[in-house]
Amino acid sequence: MRPIIYLMAINEALQQEMERDSTIFVAGEDVGQHPPFGVTMGLLPRFGPQRVVDTPISESAILGLAVGAAAAGLRPVVEIMFMDFLFVAFDQVINQMAKMRYMFGGKAKLPIVVRSPCGGGYSLAAQHSQSLEAMLCHIPGLKVVMPATPYDAKGLLTAAIRDDNPVFFLEHKKCYTVAGDVPQEQYEVPLGVAEVKRPGSDVTIVATSYMVHEALQAADELAKRGIEAEVIDPRTLLPLDMEAILTSVRKTHRVVIVHEAVEFCGVGAEIAAQVAEAAFDALEAPPLRVAAPFCPVPFSPPLEEAYLPNAQKITDTVLSVAQAKT
Amino acid sequence: MDIPREKLIEMYERMVTIRQFEEGAAGLMRDGRIKGMVHLYAGEEAVAVGACFAVGKEDYIASTHRGHGHLIAKGGDPKNMYAELFGGQDGYCHGKGGSVHIADLDLGILGANGIVGAGPPIAVGAAFAAQYKGERGVSLCFFGDGATNQGTVHEALNLAAILKLPVVFICENNLYGEWTRQDRHQTVKDIAERAKAYAIPGITVDGMDVMAVHEAVSEAVERARRGDGPSLVECKTYRYFDHQGVGDGAADRAAEEMEEWRARDAIVRFRRHLVQTEALTEAEAEDIDRRVAARIEEAIAFAAASPLPTEEDLLTDVYA
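First to last, the protein sequences are chains A and B.
The numbering of the first sequence is the working numbering, which starts it at 301 and goes up by one.
The numbering of the second sequence is the working numbering, which starts it at 108 and goes up by one.
Treat the hints with caution; some may be incorrect.
[As the list claims (entries may be wrong)] Some chain B residues near chain A, calculated using beta-carbon distances under 8 Å: (1) 213; (2) 230; (3) 239; (4) 425.
[Unchecked claim] Cross-link-like lysine-lysine pairs, in silico, DSS-like; alpha carbons within 27 Å at most: (5) B:164 / A:407; (6) B:164 / A:409; (7) B:240 / B:164; (8) B:271 / B:164; (9) A:409 / B:271.
Don't read these hints as lab results, they were simulated from the structure.
None of these values were measured; they are calculated from a predicted model.
Glycine residues also receive a C-beta, built at the ideal position from the N, C-alpha and C atoms.
Let the hints inform the model, and build the full structure from the sequences given.
Dropping the structure here:
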């Protein structure tokens, strides 16, 4: 183990997997010669232009390339430069890669990873800052992964590449420079398994992606006020490890769900509904959400700050649940 | 082109199979025995057969919503095809796809596709895989005139051109994008002209002439196998049925136009050619027609008896 940043953990997973399996190739806009966030740096010199393909700015062609190549036996790892751009090419996601196996009676196997940076915090405004994971979670046939730490990023990407289904691997831009201990050797973090990032007994905070770090900060603040929060990171949103969440809620009797995406119809709504359905008797307060308001991501720093959930908002919301204690 | 007699006869039989399969499907639809949508291929047989006989089983094709013809041309069995139309377990997709998604990956078919213009990027992906593995494989990519107005087709052509991928783009220009006549949906007349935009070869051929299609596609396939990249082959053709369903499409098409194209029927012409060149006698041709009719009848009976899926099958095959 040695500390490296999240971005390098992803890079290491890619390099080690490509070394291990020659059917893996990387394609996307500028992934070879000029990796936009640096995630794919070093791949082109090491693996060459056949395996590290700079594509035209053609998101449908990039995703279609992945579908066809996967159906023909390769394991594509393609990049969509910003998650927002995915929707230029959503047909290839919704109607093609997600459904091919089912529509063709189980004959197709599509081991595809679509990597894409998501999230706000850098004044990149409405078309380069979104967290649209809920739209992917609504589509049977896909898997959706949102790692928060370097350790999870490397292990989950390794597992995603080895998975025989289309997996969306969403990398929050603010996570890229987060450092953490990562083993040099290869390992998998299994898809569909949540992790307790901080144990606690008074309230469960379910947080995704970069919000895990904000939630941990909030938990430290809450601890000073005598409230022990348990922070759970689902890590994979589809499939979703509800069992881990329910186990925690049955222990703490309170739950706050945090994500950067818009609150309405977000993943938090699904988690809250499932908690209410399965553990209603265990709840001593209504499940609450901390998420973005119903508007596009704004540009101006004070507006973006007001838009994004953060440790302070999480702390305040948890306190309102804690105040509901009888 | 010097084509062995056996292959010519097989091509004829395959075209007849497509025609009779589609007429059979139309009958089933009229009788209410099958549900949903059908986009029938009758009239366009020369394109599917001429093109698919230029490639082998290991090569890929991407088909369209009008996909029955491509599947038969690539070697699909009418029994499993009709079973799919019936929604039965013996269907190629075990009843989960239906007419619009009928495909057999084992035959190298990357789908019929319910989305116009969605197939080309996927065909490009399969061609990439062939190039990547260092195989001599090619992808044939079928799409209609209507699809050429989708951005995906442009993206696929451009990517294939820049990566010099072994794809043959085959435009089945049947003069109508759904119900809109070509001159009302695009300004070019010959879609092959668009090849210039990608600096690749583009050729327009008579899509009612199976030999012309076969020759053009064979040449493009050879070029692709040599590593010289993609081509665009436009085949001018005509569908006998409506865009969707079992009508004749007369509401949107002039009677003279329909008659004119039927007078150029690809099967009649090819049969005449085979008889004239003494590849086949009239009696042998009749024999083939009868044999196909029996096979179609048998296939329908098989499909009608195929057990339907049960609720237990609902959630299978969502994930690998």
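Here is what the structure says about each hint:
no., hint, verdict
1, 213, "holds, 7 Å"
2, 230, "holds, 6 Å"
3, 239, "holds, 6 Å"
4, 425, "holds, 5 Å"
5, B:164 / A:407, "holds, 17 Å"
6, B:164 / A:409, "holds, 19 Å"
7, B:240 / B:164, "holds, 17 Å"
8, B:271 / B:164, "holds, 22 Å"
9, A:409 / B:271, "holds, 26 Å"
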